[in-house]
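Now for the letters of each chain:
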Amino acid sequence: MSETLLSVQDLTVAFGRGPERNVAVKGLSYDLRKGETLAIVGESGSGKSVSSMALLGLLPPRSACIESGRAMFRDRDLLTLPEADKRALRGDAITMIFQEPMTSLTPVLRIGLQLTEALVEHKAMSQREAEARAREMLRLVGLDQPERRMRQFPHELSGGMRQRVMIAMAMAADPAILIADEPTTALDVTVQAQILNLMRGLKDQFSTSIILITHDMGVVAEMADRVVVMNRGRKVEEGPVSTLFTAPKEAYTRRLLDAVPRLGAYAAAAEPRRVVEAPAPVGDTLVRARGMSKTFSSGGFLFGRGGATTRAMQDVGFELKAGETLALVGESGSGKSTTGRAVLRLMELDAGEVEVDGVDVRNLSSSGLRKARRRMQMIFQDPFASLNPRMSVGKLVAEPMTIHGIASGSELDGRVEELFRRVGLEADHIRRYPHEFSGGQRQRIAIARALGVGPKLIVADEPTSALDVSVQAQVLELMLELQQSLGLAYLFISHDMAVVEEVSHRVAVMRQGRIVEIGTRQAVLNAPAHAYTRALLAAVPVPDPARERQVLPELDVGTLPMGALAEVAPGHMAAQ
Amino acid sequence: MTTETLDPRSADADAPVAASARRKPRSFLAALLRSPSGLIGLVIVGLLVVCALTAPVIAPHDPLRMAAGPRLQPPTWDYWMGTDDFGRDVLSRILYGAQLTLQIGVIAVGISLTCGLLLGLVAGYSSGWTERVLMRLVDVLFSFTEIVIALACLAIFGVGLTNAMIAIGIASIPFYARVTHSVVLVEKGKPYFEAATAAGAGHLRLIFVHLLPNVVPTLIVVGTLGVSTAVLAAAGLSFLGLGAQPPEPEWGFMLSASRDLISRAPWMMIFPGLAIAVTVLGFNLLGDGVREALDPRQRQR
Chain A
1 MSETLLSVQD LTVAFGRGPE RNVAVKGLSY DLRKGETLAI VGESGSGKSV
51 SSMALLGLLP PRSACIESGR AMFRDRDLLT LPEADKRALR GDAITMIFQE
101 PMTSLTPVLR IGLQLTEALV EHKAMSQREA EARAREMLRL VGLDQPERRM
151 RQFPHELSGG MRQRVMIAMA MAADPAILIA DEPTTALDVT VQAQILNLMR
201 GLKDQFSTSI ILITHDMGVV AEMADRVVVM NRGRKVEEGP VSTLFTAPKE
251 AYTRRLLDAV PRLGAYAAAA EPRRVVEAPA PVGDTLVRAR GMSKTFSSGG
301 FLFGRGGATT RAMQDVGFEL KAGETLALVG ESGSGKSTTG RAVLRLMELD
351 AGEVEVDGVD VRNLSSSGLR KARRRMQMIF QDPFASLNPR MSVGKLVAEP
401 MTIHGIASGS ELDGRVEELF RRVGLEADHI RRYPHEFSGG QRQRIAIARA
451 LGVGPKLIVA DEPTSALDVS VQAQVLELML ELQQSLGLAY LFISHDMAVV
501 EEVSHRVAVM RQGRIVEIGT RQAVLNAPAH AYTRALLAAV PVPDPARERQ
551 VLPELDVGTL PMGALAEVAP GHMAAQ
Chain B
1 MTTETLDPRS ADADAPVAAS ARRKPRSFLA ALLRSPSGLI GLVIVGLLVV
51 CALTAPVIAP HDPLRMAAGP RLQPPTWDYW MGTDDFGRDV LSRILYGAQL
101 TLQIGVIAVG ISLTCGLLLG LVAGYSSGWT ERVLMRLVDV LFSFTEIVIA
151 LACLAIFGVG LTNAMIAIGI ASIPFYARVT HSVVLVEKGK PYFEAATAAG
201 AGHLRLIFVH LLPNVVPTLI VVGTLGVSTA VLAAAGLSFL GLGAQPPEPE
251 WGFMLSASRD LISRAPWMMI FPGLAIAVTV LGFNLLGDGV REALDPRQRQ
301 R
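Chains as they are written, first to last, in the UniProt record's numbering: chain A, 1 to 576; chain B, 1 to 301.
These are calculated hints, taken from the structure and not from any lab test. Each residue gets a CB set at the ideal place from its N, CA and C atoms; glycine is no exception. Be aware that one or more of the hints could be misleading.
Stated by the list, open to error - Computed far set for chain A versus chain B, every beta-carbon distance over 10 Å:
# : residue
1 : V120
2 : A265
3 : T309
Unchecked claim - Some, not all, of what chain B presents toward chain A, calculated at C-beta under 8 Å:
#  : residue
4  : K190
5  : P191
6  : A195
7  : T197
8  : A198
9  : A199
10 : G200
11 : A201
12 : G202
13 : R205
14 : H210
15 : P213
To be verified - Residues from chain A shown here face chain B by an in silico Cβ test under 7 Å; the list is partial:
#  : residue
16 : L344
17 : L346
18 : M378
Could you build the full structure based on these sequences and the hints that come with them?
Put into structure tokens, the structure is as follows:
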């Protein structure tokens with residue numbers, strides 16, 4: 001066993017003081033050894049980020065209070081160090097990578113300056129030496145043309161490139177400890193795979209110890225040597241990654257692992273798992289979309305329509321049957337949300353046809369459209385933002401029924417209560433406001449709201465990606481149950497391949513505004529025909545530490561077939 | 001939140017029971033009283049209202065009666081704030097002046113807030129040509145100083161305190177329209193608005209049920225702050241002789257009248273000046289307090 005580098009003992013952090021205080025971390029202890037990656041996992045509010053912020057003295061100074069504990073690093077207690085000494089450690093012996101690469105680089109300073117700043121300050125390098133080191137680091141993190149990158153501003157780089165710059169900054173000082181707080185959560189899955197690869201390589205090269213804070217069990221399995229599981233501020237379990245995944249000791253850890261969707265778990269089944277006795281069968285075609293195209297242009301100055309244009313959707317078409325789920329998967333900017341909105345005509349198309357339940361949605365008058373919306377409802381990604389904060393949840397659930405004149409008075413109240421129970425909420429809570437509920441409960445409210453008018457189609461835009469895994473499993477279960485008992489059709493928009501595999505009948509993969517592959521779930525996920533689909537699938541982190549880490553397929557973006565769809569097998573089409 | 005609940009969101013992972021539902025947020029008034037600026041602002045504004053309402057009772061003298069005492073009398077026990085060059089009691093004039101000041105605030109802000117809200121709401125909601133035309137028009141008006149627009153209005157309506165209030169109200173419409181427009185754009189971009197559209201809500205429901213309640217709190221804050229601007233502007237117009245006319249006990253006009261006597265009777269200038277300053281401070285503090293109290297994140301602390 002190698003030497004202990006950092007030893008955290010009995011750390012307790014609270015927000016506020018007195019009896020109303022909110023204890024975020026309670027009696028946390030762990031050791032970090034030299035050269036190891038320690039993952040701290042937990043769901044939102046588990047205290048995993050707060051505990052690491054406390055080490056660096058980065059907690060909000062007045063509201064947060066470190067009530068007890070020690071964090072011994074090089075024979076000194078980090079928690080009681082004077083501010084000046086802490087600052088000397090930050091960015092030198094201990095560095096940090098944050099979740100949001102978009103906002104953690106200063107937008108007004110050139111990359112080069114941001115990279116060299118800490119080196120000049122902490123390592124007493126001259127500007128010239130620091131620049132040479134910065135260029136070397138940029139090359140190490142896999143950015144081409146380091147000279148040019150040094151002169152660029154953050155907004156000129158993509159999210160993945162920015163996270164590479166953040167890593168270069170963090171590693172340039174050759175730190176003893178790197179704290180990575182959800183380093184890949186904001187990134188697309190293919191970029192995530194590259195960044196994780198990069199971090200593994202750098203760790204071996206520099207023998208840095210990494211504290212990896214994450215909620216993603218897949219990332220843990222791929223990266224960690226040891227794992228600390230946290231729940232509600234306390235350490236639940238600690239152990240080597242292989243033991244933890246194969247033989248978790250605590251019930252909470254087991255529940256957490258069980259809730260994680262695993263790609264391949266449903267590979268053998270032709271349909272989503274049955275959750276009711278007699279599920280409604282897949283029926284006739286409900287949605288028929290053909291040749292949908294949309295170009296966004298950023299507005300000109302006064303009246304003009306000049307400015308840049310983005311082709312959000314090109315020639316997108318598909319069919320969806322009653323009682324069926326079609327998943328639209330793709331990375332950010334692939335046009336999957338645009339497609340969902342276009343079907344509901346929340347956005348006007350440039351070209352194409354959309355037919356829902358025999359009605360041509362694009363040619364409806366505005367009053368006809370409002371009536372047609374009774375048949376098609378939407379569930380949004382962020383259940384907090386999609387519920388009007390100033391309306392009680394009872395009113396929110398009642399609203400669509402009021403709009404469409406389905407019920408009023410006591411009948412309406414009765415139906416609202418019934419809907420609450422239907423989605424697993426208590427009817428007593430109808431007078432409360434959205435902020436009084438947890439994320440999962442809010443999403444249930446949003447589902448109840450959509451169900452009230454008896455829709456045939458529900459467009460679900462990333463309905464579970466803002467939720468913790470255990471909550472996600474419950475919401476997915478509810479959605480499956482509702483589909484099978486009510487015969488709903490879902491257009492399920494997601495970036496998570498494992499979730500898609502669990503809920504969908506058919507899958508459409510989108511890239512740069514086009515569908516590049518579409519077919520039954522088994523065809524697309526088990527025998528992908530398009531190179532991009534294969535790359536997406538290979539990039540998904542697998543929550544199994546025993547699995548050999550695969551070499552990522554090189555994706556040659558220039559030669560990817562992006563043309564018209566052609567049949568590769570019956571009902572399975574791919575772009576040529 | 002109790003010590004047991006470590007974080008509101010984690011209180012229950014997702015038990016169908018709303019066990020995490022926290023107790024109702026404190027009332028708006030309680031939240032307002034908790035912030036120091038809100039409390040002080042409320043006290044000052046409250047005092048102003050009390051003065052205005054009870055002026056006929058508590059004022060020691062008739063504000064308009066000349067030679068109520070000796071002319072240019074420095075402050076004494078009989079005339080706490082002295083007398084002016086006509087022998088009128090300055091304290092009584094200031095107490096009665098509070099009525100005018102409140103009227104100015106309410107009428108001017110009422111006009112600009114209502115019209116600005118309507119304009120901004122229509123422009124922000126409609127988008128497209130209506131929005132462009134309306135907002136460019138507002139921009140053109142916004143490029144003039146408010147006082148210039150107010151002067152132009154007074155040139156049309158004629159001089160007088162009531163006309164000055166209306167003029168000030170009209171002059172600040174572009175400001176409120178701009179603020180409303182930007183708030184509407186922000187709210188319109190939030191998913192709940194799209195969710196309401198997707199649910200099939202019509203124009204009226206979208207505007208009055210969804211947008212308006214989310215726009216109004218911001219405008220209440222802006223409006224409270226706007227009262228102090230209006231009071232200052234009215235004092236300015238009166239100082240120029242375009243607002244209050246003699247013998248109205250308007251503070252700005254009292255200031256202007258004291259101009260020539262500044263060395264002989266400084267109390268004639270100091271007390272109305274102080275009254276204006278304290279009132280403006282009061283409304284500014286109240287505005288800050290209201291902003292904090294309306295922000296749910298601040299209220300949960």
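- So which of the earlier hints does this model not fit? The structure breaks none of the hints.
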